[in-house]
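Peer 1: Mind docking these for me? Both chains are given alone in their own frames, and the hints should help you get the complex.
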Amino acid sequence: MAPETLQPRTDSALPEQAMAPQPWRIRSVRPDVASNEVFSWTLYPEPGVEPGPLPTPGQFNMLYLFGVGEVPISVSAITADGGIVHTTRAVGSVTRAMQELGPGAVVGLRGPFGTAWPLEQARGRDLVLVAGGIGLAPLRPVIHAALQRRADFGRVVVCYGARAPGDMIFRDELDAWAARGDLDLRVTVDRGTAAWRGDVGVVTQLIDRGGFDRRNTLAMVCGPEVMMRFAASSLERRGLKPEDIFVSMERNMRCAVGFCGHCQIGSQFVCRDGPVFPYPVMEPAFRIREL
Amino acid sequence: MHVIAPQAVDTLIRLLAGDGYEVVGPTRRDGAIVYDRVQGLDDLPAGWGDEHAPGHYRLRERGDGALFGYVVGPHSWKKYLFPPQETLFRLTRQPDGSFVTEPGEFEARPRAFIGMRACELAAISVQDRVFLGQAVQDRGYAARRRDVFMVAAHCAEPGGTCFCASMDTGPRAREGFDLALTEVVDGATHFLVVEAGSEAGHAMLDRLEPRPATDTEQAAAERVWAEAPGKMGRQMPGDAREVLNRAFEHPRWEETAERCLSCSNCTLVCPTCFCSQVEEVPDLEGQRTERVRRWDSCFNQEHSHLVGGAHRDSVAARYRQWITHKLATWHDQFDTSGCVGCGRCITWCPVGIDITEEVTAVRRDPEGRA
Chain G
1 MAPETLQPRT DSALPEQAMA PQPWRIRSVR PDVASNEVFS WTLYPEPGVE PGPLPTPGQF
61 NMLYLFGVGE VPISVSAITA DGGIVHTTRA VGSVTRAMQE LGPGAVVGLR GPFGTAWPLE
121 QARGRDLVLV AGGIGLAPLR PVIHAALQRR ADFGRVVVCY GARAPGDMIF RDELDAWAAR
181 GDLDLRVTVD RGTAAWRGDV GVVTQLIDRG GFDRRNTLAM VCGPEVMMRF AASSLERRGL
241 KPEDIFVSME RNMRCAVGFC GHCQIGSQFV CRDGPVFPYP VMEPAFRIRE L
Chain B
292 MHVIAPQAVD TLIRLLAGDG YEVVGPTRRD GAIVYDRVQG LDDLPAGWGD EHAPGHYRLR
352 ERGDGALFGY VVGPHSWKKY LFPPQETLFR LTRQPDGSFV TEPGEFEARP RAFIGMRACE
412 LAAISVQDRV FLGQAVQDRG YAARRRDVFM VAAHCAEPGG TCFCASMDTG PRAREGFDLA
472 LTEVVDGATH FLVVEAGSEA GHAMLDRLEP RPATDTEQAA AERVWAEAPG KMGRQMPGDA
532 REVLNRAFEH PRWEETAERC LSCSNCTLVC PTCFCSQVEE VPDLEGQRTE RVRRWDSCFN
592 QEHSHLVGGA HRDSVAARYR QWITHKLATW HDQFDTSGCV GCGRCITWCP VGIDITEEVT
652 AVRRDPEGRA
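Chains as they are written, first to last, in the working numbering: chain G, 1 to 291; chain B, 292 to 661.
Some clues are possibly wrong.
[Claimed, not checked] Pair ranges (Cβ atoms, derived):
| no. | chain 1 | residue 1 | chain 2 | residue 2 | range |
| --- | --- | --- | --- | --- | --- |
| 1 | G | 237 | B | 577 | 49 to 59 angstroms |
| 2 | G | 287 | B | 310 | 53 to 63 angstroms |
| 3 | B | 520 | G | 216 | 35 to 45 angstroms |
| 4 | G | 205 | B | 593 | 35 to 45 angstroms |
| 5 | B | 376 | G | 49 | 27 to 37 angstroms |
| 6 | G | 241 | B | 520 | 46 to 56 angstroms |
| 7 | G | 288 | B | 660 | 18 to 28 angstroms |
| 8 | B | 605 | G | 96 | 21 to 31 angstroms |
In case anyone wonders, no lab produced these hints; they're calculated from the structure. Predicted model, so just to flag it, every value in this text is computed and none were measured. Virtual Cβ for every residue (Gly too), placed ideally from N, Cα, C.
Chain B on its own, in the form it takes in the complex (with noise of 0.2 angstroms):
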């Protein structure tokens, strides 16, 4: 096991855009910590936290150097490798009527991410079972997915709306990662343990030049280790996926109904949801035409459009498909569960909906008596 000083992710960053990465990581902004760009070590959020509760987000100065310090923010990766707009196709009409189609430029630049949390690397392996592994592989998703560099942070607080450990999936990331890194602060303290993850990670490890650990220092990620499952905010029942599929008529929707706004503000921070609507984006002669997607949510009335209107009119109805899919069918469907436990969609649900309670409410009830 290795140890970096804090100054050195300056230079990974410095060392990964020299490679031909575009290197991408925290950042503040607007108050929040979001994923952007980064050039550097000042453009990180140290010294930043965040509080999580549900419907409630805040940044606080932690009083602290930490690079790390954060939970996960609004944004997460998938921004990347699916992105909210895409164009598929160009369409081009010909003299005789017919048409020429051509696949859009998606972009497809090598990148590397900067402080990933075992949550989303475990989000975009169950992104990876939906567009790669499949019938037919998303163009775009696998040419940006090719060459990514992944720089895991391992959760050393994980926040009040988390539930990653019951969830299997973290806080400290297993696998997936290049470089794993353990950010230690204490007072005068501040050090960073690192384990490579890859080739590509090990060969960058060294490029960084980093010491061997010290047993004190060794002890001293352990414990981040150690102490961060118990420090999570929620927790989700280990029954969820059977809790669900016996609760298809459970009066716990219509009650959760009249709380969701179906704004579908889960879906779009949830670094899994995938749905999407392919829009078509012609010019003003009728010449031109585009295949444009979108990212789309469950909860829009229009998603479940048939001829005799929406499938799903009801919020409970949409509230049960979400939840029953992300917790249940999902298994079905990728033999994965479709959630990570990253708490994104309490945090950023403006009533503060809890999927954790939700499950919890139906477990205690199966028969909706109470």
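The shape of chain G in the complex, shown without the other chains (with noise of 0.2 angstroms):
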């Protein structure tokens, strides 16, 4: 007996291909740390390929190397002209091969999936972005949006945390936003240089300073979980209210789209129901061990 009718969700229908991977070829590749642990790859679709929407700041798309292995890459950036940049850590075996490849190789993309920041809810509001290591990646297209439209926000916080100054990525745009007068950046790392003259701590006491409306905050905070534990809880005491504050979860996310189960936490799939969450959602991720 044939199932019983069922409809695909509408609200985020994707399209039949959504599974498999598309040739997507690399324009340039840019070292974003002394290390070179972390670079960044612009990628155009090959010809003949039809992408897909736009990725929407927050969501990410699944990158395949031919051979080896897929893994999700948030976007860090869209080109004007619709090239795709993603930033990756090299960490584990697909992630090095990736960083083998130069300008010219072929990789296999698929999507976009996942939820996006709520920037259209940020809008007439200050905005306070918390990003601790590589999380400042898919953080970086809300600031490009935010300074396109900068007239639609109140005050444009950015605190961000490094390990070291070595580890620091983007340090040109940085630098860049820096020197503008309608951005607060506020940087901190673990452990300084003798070079380094600013300042040393946890990014939680860049929270601590305030300069933004308690009353009228949106707070987006991406990060290493403990961090962004701690991020949510000084928001909290600074009186932003718990569903003002948005994270951005990373679990072993391999299908994206709900099949494969490996992303779970709790009744959430990190693939389809996130990345981006609002805080009370993930809260007792960040209570319960292993959950």
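Peer 2: See the structure below:
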């Protein structure tokens, strides 16, 4: 007997080829830290590839290396001519192999997947972005979008924490942001160097300096879980409501469409229902070990 | 209501095969009732029953000719709709460094399933929601699911690890079948009462040339339906979802983890578990490669792999994930329980961990003080 007619969910209808890696070519590769551990690719679809919708800040793509495997990588920028920038840290077998590729190489891409940062919800309000380490990458397109339509927002505060000055990503851009009068960039490192003249310490101390309207602020947080947990507490202490805090989660996303089961946190599929979640939805994940 | 003789099941199998269906059904192999191709009545496990207890499964001779006198074996129909291994894509390198992606040639022949239990029909409707009810439909599942002729066999003698009555999925199949059989075996009396559940079922029933059931035969079938629920060895508390949603930090999970081998048997025999992983299988020359999907299990450490190590590193966390998903968070995700009460996870657990006993224990002592 045929199944009762089940309609795919229409709220986020994806094309059937959402499962099939499509060829995209690397136009440029940019190492983002001195160690080369972090690098950014700008990708363009090969002729004949029908690219999906442009990713919204916060979404991710599945990047695939022929003969090696597939990994979820967040989108760190979109160029004016439709190139998609992915920033990757080489830490596993796939990402280390990816690191070996140069301009002109072809990789697989499918996506975009997942939820986006709620930028519209921040319109007319102060915007606080808190990033730890490579967690700045998924927030970078938010900064780009906010600067493009700067008048839509009140104060824009970016708090960025890295392990050491040499681990900070997007250094040129950080310098450019720091020079602007319409963006309040605060940077700290866990361990300084002799040359470092900036803050040393955890990112929460940057939040604790305030400088945003506690009653009218939306916060977006991305970084290691322990950092997100403490950042959320700091933001709450400054008077933000939990539902005005958003976090981006990392789990073992493999299929990206809710089939494979690996990325579950409680009732949430991170690939399908996230990676961006309102903090109250993820609060148990920060509180309960190994959830 | 109609009646057919046992021999008519042979006719049914042959008619379905003649209509182009690959007919699969229960058969006895390696000391178990498994699902495989059947060509006629002789392939069915006539006269065989099975004993079920935690970590215990044995076939036994019934001393009668019952065709469907067993409960369920280690197989479920899942293996046909969501195969244990499947090539999703084949990719070929192009001279310019690019590649071409082609879908795997998933096989999607029409199949007839003979002897489906009510819990198994329920399990398929659970997997339908996973593979057909999300933003993307699984191509292979959708194709294989489209043309299945389903012959249910209502459970007459549920087993020692069964609890479908408390999951409200059986033991009598209510819907989703084309034909449903109620087998009545009593001394020299042996017949099957047949109901049709679809147009295709009605058409097939006519071809079996059944005769109307007598009052006595109908009463015998009704007795089977009435008595079966009382023969289940297990019961799931009705508030399992609420119990587990409050029990994330319960000390019970640490105790269960001392017994649990994290072997994944429970997830492999489960008719609803859907976790899978995709492996890259390249050829030696690096010109062709395949994306091969295989069943995975939340009991494998790799399942929750993250850069810093497995997120669910402890067995306690993995067991909690499995049982909580099955009975609680599945409701949030797919608007149904992920458990249908078939009891396979209890029977095939090498150390006999019992999902109903786990929920009952947590329920009895919600704070974990005892």
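Peer 1: Against this structure, judge whether each hint is valid.
Peer 2: Going down the list of hints, with the structure as the test:
1. Our hint of 49 to 59 angstroms for residue 237 (chain G) and residue 577 (chain B) holds, since their Cβ atoms are close to 55 angstroms apart.
2. Distance hint check: the CB atoms of residue 287 (chain G) and residue 310 (chain B) are about 57 angstroms apart, consistent with the given range 53 to 63 angstroms.
3. Distance hint for residue 520 (chain B) and residue 216 (chain G): a CB-CB separation of about 59 angstroms, inconsistent with the stated range 35 to 45 angstroms.
4. At roughly 37 angstroms, the beta carbons of residue 205 (chain G) and residue 593 (chain B) sit within the given window of 35 to 45 angstroms.
5. Distance hint check for residue 376 (chain B) and residue 49 (chain G): the Cβ-Cβ separation is about 29 angstroms, which falls inside the suggested range of 27 to 37 angstroms.
6. Between residue 241 (chain G) and residue 520 (chain B) the beta carbons are some 50 angstroms apart, a value that agrees with the proposed interval 46 to 56 angstroms.
7. Distance hint for residue 288 (chain G) and residue 660 (chain B): a CB-CB separation of about 19 angstroms, consistent with the stated range 18 to 28 angstroms.
8. Between residue 605 (chain B) and residue 96 (chain G) the CB atoms are about 28 angstroms apart, so this pair conforms to the stated range of 21 to 31 angstroms.
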